[in-house]
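Each chain is listed here by its residues.
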Amino acid sequence: KNQVEQSPQSLIILEGKNCTLQCNYTVSPFSNLRWYKQDTGRGPVSLTIMTFSENTKSNGRYTATLDADTKQSSLHITASQLSDSASYICVVSEIPTSGTYKYIFGTGTRLKVLA
Amino acid sequence: NAGVTQTPKFQVLKTGQSMTLQCAQDMNHNSMYWYRQDPGMGLRLIYYSASEGTTDKGEVPNGYNVSRLNKREFSLRLESAAPSQTSVYFCASSGDRVYGGYTFGSGTRLTVV
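From first to last, the protein sequence lines are chains Z and D.
Numbered by the working numbering, the letters in the first sequence go through residues 1 to 115 in order.
Numbered by the working numbering, the letters in the second sequence go through residues 116 to 228 in order.
By construction, these hints were calculated from the structure, which means they are not laboratory data.
Predicted model only: the values in this text are computed from it and were never measured.
Be a bit skeptical, because a hint or two may be false.
[Claimed, not checked] Calculated cross-link-like contacts (lysine-lysine; reagent style DSSO-like; alpha-carbon spacing at most 30 Å):
1) K57/Z to K102/Z
2) K124/D to K102/Z
3) K172/D to K124/D
4) K172/D to K186/D
5) K124/D to K186/D
6) K57/Z to K71/Z
7) K112/Z to K71/Z
8) K57/Z to K112/Z
9) K172/D to K102/Z
10) K102/Z to K71/Z
11) K102/Z to K186/D
12) K112/Z to K124/D
13) K57/Z to K17/Z
14) K172/D to K71/Z
15) K71/Z to K17/Z
Work out the full structure: start from the sequences and follow the hints.
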């Protein structure tokens, strides 16, 4: 069964510090991987997308990496801010044998940044 | 502002009641989706509509029906609500089924008592 697993489940860091969130997947065949940020009470918002051939993608202080061989991705947040407090969700797209593309969501990492 | 609009934001139902969650997008996207989000689980696809006039079941369709009213609107109906349907429901749209990311609505928090 195709799965997406994220770690840690939750993380608390001090403002200004860096952190790295992990995403491991077993989805195959793989199309692309996205990281979403979900603020409390809001819908997820896309941060980055990476296809099979891409190793890294940045969006401001967010940098995502992808190792398609080991099926691992990470999201690195630099110089964290209070507004980074949110859940971060890894979503992997599976190339379908028929029909539409299937998106498999991880359960997310809940990040809290303290002043 | 362009985006996905969901109504209502909150709803409490009694077991057996019915209701319709409304969703509209103004980005001219072809594809629209309904997800539910439960604690400790990733978002799960209920139904989707790849284009106007088509709908298909997702991972957890039981107890739900959908209508793609036109290109803009995609509604989700609970015919006879059950406590297991207590969840946060998200509507999303996408303009590119392969690489296009979702644009999500702000969610509907539904409680069935």
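Quick rundown of the hints versus the structure:
1. K57/Z to K102/Z: holds, 22 Å
2. K124/D to K102/Z: Roughly 27 Å between the alpha carbons, so the hint for K124/D and K102/Z holds.
3. K172/D to K124/D: holds, 24 Å
4. K172/D to K186/D: holds, 18 Å
5. K124/D to K186/D: holds, 22 Å
6. K57/Z to K71/Z: holds, 16 Å
7. K112/Z to K71/Z: holds, 26 Å
8. K57/Z to K112/Z: Judged against 30 Å, a Cα distance of about 23 Å means the pair holds.
9. K172/D to K102/Z: holds, 12 Å
10. K102/Z to K71/Z: holds, 17 Å
11. K102/Z to K186/D: holds, 21 Å
12. K112/Z to K124/D: Holds, at about 25 Å.
13. K57/Z to K17/Z: Holds: K57/Z and K17/Z sit about 20 Å apart, inside 30 Å.
14. K172/D to K71/Z: holds, 28 Å
15. K71/Z to K17/Z: holds, 27 Å
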